[in-house]
Amino acid sequence: MNRSRLVAPRLAFIFLLGCFFFNYPLLSVFNRGGDFFGLPPLYAWLMGSWLALIALMAWVAERSD
Amino acid sequence: MLQGSVIVLASLFYLGILFAIAWYADRRADAGRSLIANPVVYALSLGVYCTTWTFYGSVGRAAASGIGFLPIYLGPTLLFALAGFILHKMIRVAKTNRITSIADFVASRYGKSQLLGGLVTVIAVVGVIPYIALQLKAVSNGFTILTNYPEIVMPATAGAVPLLQDSALYVAMILALFTILFGTRHLDATERHEGMVAAIAVESVVKLVAFLAVGIFVVWGMHEGIADIFSRAATVPEVARRLASADSPSAYGSWGTLVFLSMFAALLLPRQFQIAVVENVDPAHLRRAVWMFPLYLFLINLFVLPVALAGMLHFPGGAVDADTFILTLPMARQQEGLALFVYIGGLSAATGMVIVETIALSTMVCNDLVMPLLLRLPMLGLAARADLSGLLLEIRRWAIVIILGLGYVYFRVAGEAYALVSIGLISFAAVAQFAPVVIGGLFWKGGTRDGALAGLAAGFVVWAYTLLLPSFAKSGWLPDGFIAHGLFGVELLRPQHLFGLNGLDEITHCLVWSLLVNLGAYIGVSLQRVPNVREARQASLFVGGAEAAVSSGWRGSAGVTELLPLAGRFLGRDKAEAAFARHARQRGLRSIQELPADARLVSFAETLLAGAIGSASARAMVASVVTEEPLGIDEVMNILDEASQVRAYTKELEQKSLELTRATAELREANARLRELDRMKDDFISTVTHELRTPLTSIRAFSEMLHEDPKIDLAQRSRFLGIIVSETVRLSRLINQILDLAKLESGRAEWTVAAVDVTEVIREAAESLTALFAEKRVMLELDAIEPGLTVLADRDRLMQVMVNLLSNALKFVPADSGRVQVGASATPEELRVSVSDNGPGIHAEDQEVIFDKFRQGAGTTDVLTDKPQGTGLGLPISRQIIEYFNGRLWVESTPGAGARFVFTLPRQAGDNDGLATEDGESHSGRTPAGGAASDSGGKNNGVMGGSQ
Amino acid sequence: MSHRVLVVDDEPNIVISLEFLLKKEGFVVAVAGDGEAALQQAEQFRPDLVLLDVMMPKKSGFEVCETLRANPALAGVKIVMLTARGRETEVTKGLALGADAYVTKPFSTKDLVARIKTLLG
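Protein chains in written order, with our numbering: chain V, 1 to 65; chain C, 1 to 948; chain R, 1 to 121.
Everything labelled a hint here was simulated from the structure, so no lab data went into it. Incorrect hints may appear among the rest.
To be verified - Part of the chain R face toward chain C, derived, beta carbon under 10 Å:
1) M55
2) L82
3) T83
4) K93
To be verified - Going by beta-carbon spacing under 7 Å, a handful of chain V positions derived as facing chain C:
5) V7
6) Y24
7) G38
Stated by the list, open to error - Computed footprint of chain C on chain R, listed as stretches where at least three residues anywhere in the stretch have a Cβ under 8 Å from a Cβ of chain C:
8) 16–27
9) 67–73
Computed from a predicted structure; not experimentally measured. Even glycine gets a Cβ: it sits at the ideal position worked out from N, Cα and C.
Pulled out of the complex, with its shape left as it was, chain V reads as follows (with noise of 0.2 Å):
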């Protein structure tokens, strides 16, 4: 982690941006019913912005080599 310094700190905004996308009130907006691509949206959402963020973080952390 040291090799960059930034790493962290880029990594903590993806905390919180996760904080925000896993919790009221941006859940509030896909607990509905009806379906997205045959997936409740809700469902849809958080596992499409999990998979994201794990996508985020290992762009931040490994392209620090």
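Please build the complex by placing chains C and R on the supplied structure of chain V, with the hints as guidance.
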């Protein structure tokens, strides 16, 4: 056909493979070619977070609450986003201080407190045992279900099975054996278990693959994809309700709480701390784990909701426990192999958790609970025993057995009261109590041992009351009346609605109250005092991270001869010698014997021991040899006392130094004042000397001339003699006046106070000077004098003042045209006398100076050098006299237009103050008018003081 | 040729005594009662030696000494300072300002005369 024997054999075979992996990894580690020094292994081993609670329980929770299983995995994801700040720091701190467990971490942070380490251990054991029970239950249930294949039969209630037929008991025994084999084969100074980590990483892969296999089978084998499951689910109302979450504030609150809670759990659960911090090989591995561990969590949860929905569609009516869907769905489709694989996956999840958790707990129990107690008991004579490493391993083995035994007991008694997922959350809430002291300890230097003890104890009590006791009550262990009606029937004390807090689920409710009191007590008690020396040093080590100077704080020293046997007792002789040899090489020495007996060696030995027995015990043991005491505990106390004494002493010194500074300032000021007074005295003496020498000069010169030259004519002779006489008179007068002034200033003058007729005094004074005035042909006018003015005063002194003023005026007026006027008047309050002349006048800047001793008026500021006749003491003396009677003397003048000297004397003050009754008496050194005279300032300042 | 001496002092009796004494010893004597008069006299009288009191009105002996020494026309004149204040610092100051000798009051007439004669060689 899945017979019991097949399943047992498969299980043992799987465990055998794991053990082989572990053994191989240990071999590799011993050979210096570590198998686990790999970021992927590190990331996979973190998967120990996913236990049977995940493996079986997630599906159950999803079946009960839809998406509600997810926060448990979102939290750790967020935690790893903060890894750069929290985990990285913890790892570096732990490596620097050879931290062996979370109890050790907390104890070490707050001054290596054994008490604190013990408390953390107790909380961890109490909090985690239900969680272990859960694993036993899951494995045992899985085994039971699988043995009934192809029937799908739910296992009987845990307590209903006779003890010896209970598969959970055998599971517990096998796991205990396995854990002992893994964890306590040898004692390592770093308390790292490479083989175990390798096995855990493999287990993570196994359980993930098993889960994914079921998921793929359910989604694509039983249905036509995920969308198919969801669309089917939507048609069944009972199932469709799981597709969306409850849309209420409390539901979102619970959701947020779980995210938050699982964040702490992924850091603070003993097994997580063990894997993430203690077993970490290289902090740089975090870079990979940061995303790989969340990805692992993502993958293992990918099929949870589809499997749950499929299970509900397939087993309607709730006949089959949702927690078993992952196993029962393949069984229902006669997939024997897959079912067995799932069972092995579950076994993986359980063994991984149990092994790491019990190793971590047994280390804590041994280092932070049992060893400190045993070392305190002198009757055991442990401190004198040559080799304690065997005893340490023995304690750990027993700790493992007891912990698993307790887990089994809990499972038997309380196992059925809760769904799997709830038991896990109880443990989460327990370890969340470590959050304030751990995270606070990493970032706040002000935390103290007392604060940490208070916070942990308070949080633990609230946790037990609001979550643990109700779980006991619901299991029938305790009467459950207090849940509904509160303790002692007090409504406000209802454990799950404490102080009337409603609308929260029990976990959120517990977390709100326990963390509130925990944090409050931690901070509040910490702020009661500043950290002591030991706490402050540890605080800077932890908060400052690895950059902080690593100084042990040891003041004494001990040599290799003491320290090596000590380390050998706990580590074994060979390991200790190897470590010491390594240390010697690092310091550039050839052999152990060359190591100097210094603080650095002591620190090294302490750190080495800390790896084996924990930092608090290590400190105590090292203290025992450093100070050559048979037992260390008292000595540690002494060191602590000494530290606080040094601190107190330092404080005292600071205080003294402050006082000294103040005293120095005062002295300096006094000295400056003295020097100023000294200078004034010097000036005065120098001036007096000058005044005395001047007439003496004339007298001597003329005397010598007359003496040596008898031929001087008569006229000259008599002129010279006349000068000698007048200079002698001048000298006498001067001496008299100096003595007079000294007397006035020192307050030793004699006063004869009586009613004085001022008019008469003025006339008398004027008469005595008539000849002089006539000689200079100066007019003296006494017309403006009111008759019959009286005042209480000393007649002679008043006369002296008048003569002074008149002769002073005469001195300065021109001959022939000179004019001096005297006026006197009175009001009932005061008498006023003035002497005016038509002399050259006095410059404004000199109008006060002339009242100084030896300063006579003449028109330049350097008045001393201007010397008309007279001594220069008349005016100062006059002023002293007037001020003695509370009057004032001053001059009014315009240069070139003469001067007017005025004095006033109060009539009332003197009349009223008993002076009248002592008419004619002599007072020596008394201040009349009730001391008011001294208020006029500077009266008694000694010979050189005086003038204003 | 007899030497010329200027006596400067604000004490008339001292001036009288010194004038008498020095005239008796054969010097040509002039007198001044303060510093300004002394400088004036020095220009006109052209003394070989000045007997100079320190404590005087208008211009102190030190100032007079300084002024005299600054005047190249009076370069050769000897200066004897007289003071009633026997402080070391004053002696030093006087000598530093260019006085040739320093005599403390009251002085022995014999010593003073001898001193003056020595200075005038």
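Double-check R:L82 for me: the hint is only fine if its C-beta lies closer than 10 Å to a C-beta in chain C.
-> holds (8 Å)
When the nearest CB of chain C is found for R:M55, is that gap smaller than 10 Å?
-> holds (5 Å)
Regarding the hint that V:G38 lies at the interface with chain C, is the smallest CB-CB distance below 7 Å?
-> holds (3 Å)
Restraint check, 7 Å cut-off on beta carbons, for V:Y24 near chain C | Holds. Min distance 4 Å.
With a cut-off of 8 Å between beta carbons, are at least three residues of the region 16–27 of chain R near chain C?
-> With 6 residues close enough to chain C, the hint holds.
For the hint on R:K93, does the least C-beta distance to chain C fall short of 10 Å?
-> Hint violated; R:K93 Cβ to chain C Cβ min 14 Å, cut 10 Å.
Taking the least C-beta to C-beta distance, is R:T83 closer than 10 Å to chain C?
-> Cβ of R:T83 sits 8 Å from chain C, so the hint holds.
Cβ contact check, 8 Å cutoff: the region 67–73 of chain R against chain C, three residues minimum | Check failed, 0 qualifying residues.
Let me know if the C-beta of V:V7 comes in closer than 7 Å to any C-beta of chain C, holds or violated.
-> holds (6 Å)
The structure fails hints 4, 9 (numbered hints given earlier, in ascending order).
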